[in-house]
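J.: The listed protein sequences correspond, in order, to chains A and S.
Residue numbering for the first sequence follows my numbering, starting at 1 and increasing by one per position.
Residue numbering for the second sequence follows my numbering, starting at 1 and increasing by one per position.
Just so you know, the hints here were simulated from the structure itself, not pulled from any lab data.
Careful: at least some of the hints might be erroneous.
Note: identical chains are not told apart, hence a pair may lie in one copy or across any two.
[Claimed, not checked] DSS-like mimics (lysine-lysine), calculated; alpha carbons at most 30 Å apart, straight line:
#, residue 1, residue 2
1, K21, K157
2, K132, K21
3, K262, K228
4, K52, K132
5, K212, K321
6, K206, K21
7, K21, K52
8, K52, K321
9, K206, K282
10, K282, K178
11, K105, K132
12, K228, K105
13, K52, K108
14, K108, K282
15, K282, K21
16, K157, K229
17, K157, K282
18, K282, K228
19, K212, K282
20, K125, K21
21, K212, K252
22, K105, K206
23, K262, K58
24, K108, K252
25, K108, K157
26, K229, K321
27, K229, K125
28, K115, K228
29, K212, K108
There are 2 protein chains.
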Amino acid sequence: MSQVHNFSAGPCILPQEVLEKASEAVTNFNDLDLSLLEISHRSVDFVAVMDKAISLVKELLEVPDGYSVIFLQGGASTQFTMVPYNLLSDNGVGVYVNTGTWASKAIKEAGILGKVEVLASSEDKNFTYIPKGYSIPADADYLHITSNNTIFGTQLKEFPECPVNLVCDMSSDIFSRKINVSDFDLIYAGAQKNMGPAGATMVIVKDEILGKVERAIPSMLDYRIHIKKESMYNTPPVFAVYVSMLTLEWLKSQGGVEAIQKVNEAKATLIYEEIDRNPLFKGIVAEEDRSTMNATFILEDESLESDFNQVLADARINGLKGHRSVGGYRASMYNALPIESVQALVDVMNAFAQQHS
Amino acid sequence: MSQVHNFSAGPCILPQEVLEKASEAVTNFNDLDLSLLEISHRSVDFVAVMDKAISLVKELLEVPDGYSVIFLQGGASTQFTMVPYNLLSDNGVGVYVNTGTWASKAIKEAGILGKVEVLASSEDKNFTYIPKGYSIPADADYLHITSNNTIFGTQLKEFPECPVNLVCDMSSDIFSRKINVSDFDLIYAGAQKNMGPAGATMVIVKDEILGKVERAIPSMLDYRIHIKKESMYNTPPVFAVYVSMLTLEWLKSQGGVEAIQKVNEAKATLIYEEIDRNPLFKGIVAEEDRSTMNATFILEDESLESDFNQVLADARINGLKGHRSVGGYRASMYNALPIESVQALVDVMNAFAQQHS
């Protein structure tokens, strides 16, 4: 049977060799005759996994001294609360750029804990572009941005020069392109795109920004506690951390972030050129803000949708349905998606256009 | 090679057939030619898993109407915060019974959010017994208890008659014995003992106790939001929920909670009879409070420890080391541990005594 082309938006495709190793570890981990799932998280074998996962993050992103890397639970949604809990002072303000559904949720959650200001928003055009040219108040506690908007298919190509702590939700494009960690003060990402399966969240934080707020912080929401306990304050999500470690090992074997960035750019060029060339399809976001991770597009003639869905199914192209708040189609092209899958999609789009010309 | 006898305290032994199915799902789930890890959590296939996991909890514990069952992340440690966030009013008090390390942490976290009172504690004797005979103030917002104390090896045999909301941390003995859910208002449990792997937390809550506090609650900490969104407010810990579902299916196939309770009682009788009979060993907690899940004991003569550790290793008996705060040994005998493993341990203890008599 031919391969499934998996364009799921997340949880999403993972490298086949990662899945095979993960599958084996579920029945026999490290030749212990025990499953990874049934050993203590404080065993030598699992502590080595956690250490390796953290050191791979540091190596692949060239994390400078003075930053800590931790693995947590609760997804980016929990980070929406942890960020203000740890960084928003009683009389301070957290400033946000609203670029989509997730940014909106981050703003809402911060507002529960303190004062929030939205500096710029693209909500006026259903988040189809990235706002630019806003000025950042120098007395804000932090600026929060979202590097890639999975649902709408927009991506920040340049990060703002920021006079205050810069916090970035990189859930859907971390490890997809080179970044300078030193440009940021806190980066967080749910694992379930380029890093691993659902159930783990990775945070990179500059140590010196912590401990400056007055409020008492519940232990599970306190970055300092997780840093001090090396992501073992409580039982970590063992399997999700292990699969993340395997995925980062795979990324390293592919040549690291710079190498995968070239592949990601080639995949994006391939799909966007087809969208622009093909008379039946149309991209839905501003060209300069197009995401390399999630390409969103629609059929100009909606009545063709059920036909197109059928040819996608025939070609075993999976996960292309757009998010319900946008409609149309979304091709998510995370690190593990081979360019051959993008080519398969382009071929189908092309053939579909010829059939309907 | 002979079987490993896995007495780990958690993460801990899971049924072999569960591990085999879980392993297969990591490479090919439901014959989709896709991994469970790389499909959308909103796909028909995964939604069916979540629904099944929840319905199995309801069936196995005979959860009455008016209660909701949800799967979350963050372990019991996050529940230590969620309970007061949702139940402790501005002028109210949460009352606690302190029976060990985890109860102590629950007390500390509640104190961050409001007023807390410790009704009774066994800290005076290093938590080697369960306090009894305390009276519960009728104006408290809730009473919080811990049904089984994994580290010390004590267990509540009877639950208090409670005039206020009764909250119980059942992380280490849920599904091990019959309970009447209607005696409780909120039950929570990290999955990684009798229910599944690390990374998921299950909560059973009486709907009518929610929404009574004044404070604004971050969405990820608000039970009502997770109930309304059927445990899909954000991306759930897909794999941990799936393995929990498989483990609950296995429990059902074994005859359910009443049947496993009989096995658990037989296993506990076997080990405690040996501890009491064997001149080299001594139990460390009050007899009437001995846990059926975690049997703690020490060698009367500590100088024999390295010899005993060697015979344990030779017999492939794993995870018997006591928690660092207690020392000695701890035999954790969760649902999936076969009685043959307990017999193997008893045989080793017996042979060791004969050798040293």
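J.: Give a verdict on every hint.
T.: Hints and how they fare:
When the C-alpha separation of K21 and K157 is checked against a cutoff of 30 Å, the pair qualifies neither within a copy, at 35 Å, nor between copies, at 43 Å. In this homomeric assembly, K132 and K21 never come within 30 Å of each other (Cα to Cα): the closest approach is 43 Å inside a single copy and 50 Å across copies. Taking the shortest alpha-carbon separations for K262 and K228, neither the intra-copy value of 36 Å nor the inter-copy value of 43 Å comes in at or below 30 Å. In this assembly of identical chains, K52 and K132 lie within 30 Å of each other by CA distance neither inside one copy nor across copies; the values are 38 Å within and 46 Å between.
Within a single copy, K212 and K321 get their C-alpha atoms no closer than 44 Å, and across copies no closer than 40 Å, so neither meets the 30 Å cut-off. For a Cα distance limit of 30 Å, the shortest separation of K206 from K21 qualifies neither inside one copy, at 33 Å, nor across copies, at 41 Å. In this homomeric assembly, K21 and K52 come within 30 Å of each other (Cα to Cα) both inside a single copy, at 16 Å, and across copies, at 27 Å. In this assembly of identical chains, K52 and K321 lie within 30 Å of each other by CA distance solely across copies; the values are 25 Å between and 36 Å within a copy.
In the homo-oligomer, the alpha carbons of K206 and K282 never lie at most 30 Å apart, since the shortest distance is 41 Å inside one protomer and 50 Å across protomers. For the homomeric pair K282 and K178, the shortest alpha-carbon distance inside one copy (29 Å) is at most 30 Å, but the shortest distance between copies (59 Å) is not. Proximity of K105 and K132 under a CA criterion of 30 Å is satisfied intra-copy only: 20 Å inside one chain copy versus 46 Å between copies. For the identical chains of this complex, K228 and K105 are neighbours both inside a copy (29 Å) and across copies (17 Å), given an alpha-carbon limit of 30 Å.
Proximity of K52 and K108 under a CA criterion of 30 Å is satisfied in neither setting, with 35 Å inside one chain copy and 32 Å between copies. Within a single copy, K108 and K282 get their C-alpha atoms no closer than 32 Å, and across copies no closer than 56 Å, so neither meets the 30 Å cut-off. Within a single copy, K282 and K21 get their C-alpha atoms no closer than 40 Å, and across copies no closer than 43 Å, so neither meets the 30 Å cut-off. In this assembly of identical chains, the alpha carbons of K157 and K229 never lie at most 30 Å apart, being 35 Å within a copy and 34 Å across copies at closest.
Only within a single protomer do K157 and K282 lie at most 30 Å apart by alpha-carbon distance; the minimum there is 21 Å, versus 66 Å between protomers. Proximity of K282 and K228 under a CA criterion of 30 Å is satisfied in neither setting, with 50 Å inside one chain copy and 36 Å between copies. Within a single copy, K212 and K282 get their C-alpha atoms no closer than 48 Å, and across copies no closer than 50 Å, so neither meets the 30 Å cut-off. For the homomeric pair K125 and K21, neither the shortest alpha-carbon distance inside one copy (44 Å) nor that between copies (46 Å) is at most 30 Å.
Taking identical chains as interchangeable, the C-alpha atoms of K212 and K252 are never at most 30 Å apart, the minima being 36 Å within one chain and 51 Å between chains. Taking CA atoms no more than 30 Å apart as the test, K105 paired with K206 passes in both settings, with 24 Å inside one copy and 27 Å between copies. Taking the shortest alpha-carbon separations for K262 and K58, only the intra-copy value of 21 Å comes in at or below 30 Å, while the best inter-copy value is 50 Å. Proximity of K108 to K252 under the C-alpha cut-off of 30 Å is found in neither arrangement, the shortest distances being 37 Å within a copy and 42 Å between copies.
In this homomeric assembly, K108 and K157 come within 30 Å of each other (Cα to Cα) only inside a single copy, at 25 Å, whereas the closest approach across copies is 44 Å. In this assembly of identical chains, K229 and K321 lie within 30 Å of each other by CA distance solely across copies; the values are 21 Å between and 41 Å within a copy. In this homomeric assembly, K229 and K125 come within 30 Å of each other (Cα to Cα) only across copies, at 28 Å, whereas the closest approach inside a single copy is 44 Å. When the C-alpha separation of K115 and K228 is checked against a cutoff of 30 Å, the pair qualifies both within a copy, at 29 Å, and between copies, at 27 Å.
For a Cα distance limit of 30 Å, the shortest separation of K212 from K108 qualifies both inside one copy, at 22 Å, and across copies, at 21 Å.
The structure is inconsistent with the numbered hints 1, 2, 3, 4, 5, 6, 9, 13, 14, 15, 16, 18, 19, 20, 21 and 24, although it conforms to all the rest.
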